[in-house]
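Chemist: Whole structure, please, built from the sequences with the hints as guidance.
Chains as they are written, first to last, in the working numbering: chain A, 1 to 312; chain B, 313 to 502.
Source of the hints: derived by calculation from the structure; they are not laboratory data. Backbone N, C-alpha and C define an ideal beta-carbon position, used for all residues, glycine too. Hints are not guaranteed to be accurate.
[To be verified] Restraint-style ranges between C-beta atoms, simulated for each label pair: (1) 69/A x 470/B: 25 to 33 angstroms; (2) 343/B x 34/A: 35 to 43 angstroms; (3) 421/B x 178/A: 22 to 30 angstroms; (4) 352/B x 251/A: 53 to 61 angstroms; (5) 352/B x 13/A: 44 to 52 angstroms; (6) 403/B x 71/A: 21 to 29 angstroms; (7) 479/B x 69/A: 37 to 45 angstroms; (8) 202/A x 448/B: 27 to 35 angstroms.
[Said to hold, decoys possible] Derived, one-sided and incomplete: chain B residues facing chain A with beta-carbon distance under 10 angstroms: (9) 399; (10) 415; (11) 451; (12) 470; (13) 474.
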Amino acid sequence: MRHLLTVADLDADDLTHLLDLAENFAEVQRRDIKKVPALRGKTIVNAFFEDSTRTRTSFDLAARRLSADVVTFSAGSSAVNKGESLRDTVETISAMGVDAIVVRHASSGVPHQLTAWTDASVINAGDGWHQHPTQALLDCFTIRTHLGGLEGKRIAICGDVNHSRVARSNVDAFTKLGAEVVLVGPQSLMPASLAGWPVKVESNFDAVLPDLDVVYLLRIQNERLSSGLIPSLREYRELYGLTAARLGRLGPESLIMHPGPMNRGVEIDPEAAEDPRAVVLDQVASGVPVRMAVLYQLVGVGPIGKIAEAVA
Amino acid sequence: MVLAERERNRTPPYGGVFVARNTVLDAAAVDRAIRRMAHEVIERNSGLDEIVIIGLQTGGVPFAVALADALQRIDDIEVPVGKLDVAFYRDDINLRPVLPEAITDVAFDVNRQTIVLVDDVLFTGRTIRAALDAIMDQGRPRAIQLAVMVDRGHRELPIRPDYVGKNLPTRRDEAVSATIDGVHLGEMSR
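Modeler: Structure below.
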């Protein structure tokens, strides 16, 4: 496909191809001059209708390090504030001749809708509770770098799975690459139906903790507290937080991951965030080469499926 | 070499399988050519101080290693060997696949060094153009020299090799395969 909207569109070969390609760009990141001319003359627009620090910066750097021209705008500084509709905004951007639109929006499905309004490649940088495919890719890349691969690895995704686009993308990507995924958290934060999800659910964190290769913690948002889904942050921390006490029960080679921003003292204790097994900053660092791979593939080379076929 | 073969198979417009028509050099002749080039490198650079070798991914890498071995046998000096992938510097990126196994690996400082760039076959010169840009991004070498196993002509850019294993006049539609095991002239078939 010409767009990257959801992990569901990618098979294991496509994922592996993008991760392999990201290795080449990771090498570029180790150089003094971290820039290659691959996308010279291409234009990429980062359209962020929802706040973001790391994803926006990461896409921005990725595009610049491929020598593309980048325009980044956020809803706060655009005509969206004057009431311009999403469609008019996107058609306006496209009329200026852009090769790719990277979009972040609070509503699920916006990136998909955009593909009907523009000829540019659309890359989903997070839409509502739906998907965040480049996050899944960078998490897979981080795990692969540290553990050699995902095949047969036991990964727990802990916390607010229902409201998490990261969880949806990661469950799909992790399992496609052969990992076993268990969702850990209170029933109130699990999706209403898990039909079609190749995962197990566990409400007792301590029962699965010693067998895990990766503990993936999701951010607990304060709205969950006010909407009554969890009784208190203290109780949540006691039951599902990666506390200092739980750290000792986690294997010595296991990884602690978090998509950020972290709520220290809620889902992750400061001791866990600073533990040598925590690779949160590696995840951030992986974001740039992974997004370079996605942009290079979609803007420079062509549709994703086709190239994976050619490489096979 | 297996990697070079895979790259060729995926490279449009040629793509396909190389079918050899005749053998231009056998393995022994390739070895002799590499040793001769090694002597030329030493002669031209009056000794080997501050010389580094960089092989182009994927076909140039085995020749770069062989050239370094030959230099060591002749002058007993260890010459660092790097590998360079120029995929992101090409002017035809959508025509050439990126091989994830073929990553740039230049573990030394190129500043003030004389670089001998090594490739298997010199054709249009576009790969070398991309390689020059890629090296300049790594630093400022004192000089860059070019060694190729086969110069098959048909240059599209003003690029000229310093050391040539074999000058081989070809037609544009012919294909050349150069490995440590020999140089063959033939065609690509689908």
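Chemist: Quick one: are residue 479/B and residue 69/A within 37 to 45 angstroms, going by C-beta?
Modeler: 43 angstroms, holds
Chemist: Falls inside 22 to 30 angstroms, the C-beta gap from residue 421/B to residue 178/A?
Modeler: 40 angstroms, violated
Chemist: Please check whether residue 343/B and residue 34/A have a Cβ separation lying inside 35 to 43 angstroms.
Modeler: Taking Cβ atoms as reference, residue 343/B and residue 34/A lie about 40 angstroms apart, which means the hint holds.
Chemist: Can you verify the interface hint for residue 415/B: is its Cβ closer than 10 angstroms to any Cβ in chain A?
Modeler: Status holds, d = 5 angstroms.
Chemist: For the hint 53 to 61 angstroms, verify it against the beta carbon of residue 352/B and that of residue 251/A.
Modeler: 57 angstroms, holds
Chemist: Holds or violated: is there a CB of chain A closer than 10 angstroms to the CB of residue 470/B?
Modeler: 20 angstroms, violated
Chemist: Do the numbers back the hint for residue 399/B, that is, is its least Cβ distance to chain A under 10 angstroms?
Modeler: 7 angstroms, holds
Chemist: Have a go at the residue 474/B hint: is there a Cβ in chain A nearer than 10 angstroms to its own Cβ?
Modeler: Violated. Min distance 25 angstroms.
Chemist: Taking the CB of residue 202/A and the CB of residue 448/B, does the distance hold inside 27 to 35 angstroms?
Modeler: 54 angstroms, violated
Chemist: Should the hint that residue 69/A and residue 470/B are 25 to 33 angstroms apart at their CB atoms be regarded as holding?
Modeler: Once the Cβ atoms are compared, 30 angstroms apart, the range 25 to 33 angstroms for residue 470/B and residue 69/A holds.
Chemist: Assuming the hint says 21 to 29 angstroms, is it satisfied by the Cβ distance from residue 403/B to residue 71/A or not?
Modeler: Cβ of residue 403/B to Cβ of residue 71/A: about 25 angstroms, so the range 21 to 29 angstroms holds.
Chemist: Confirm or reject the claim that residue 352/B and residue 13/A have a C-beta distance inside 44 to 52 angstroms.
Modeler: 45 angstroms, holds
Against the hints set out earlier in the document, violations occur for numbers 3, 8, 12, 13.
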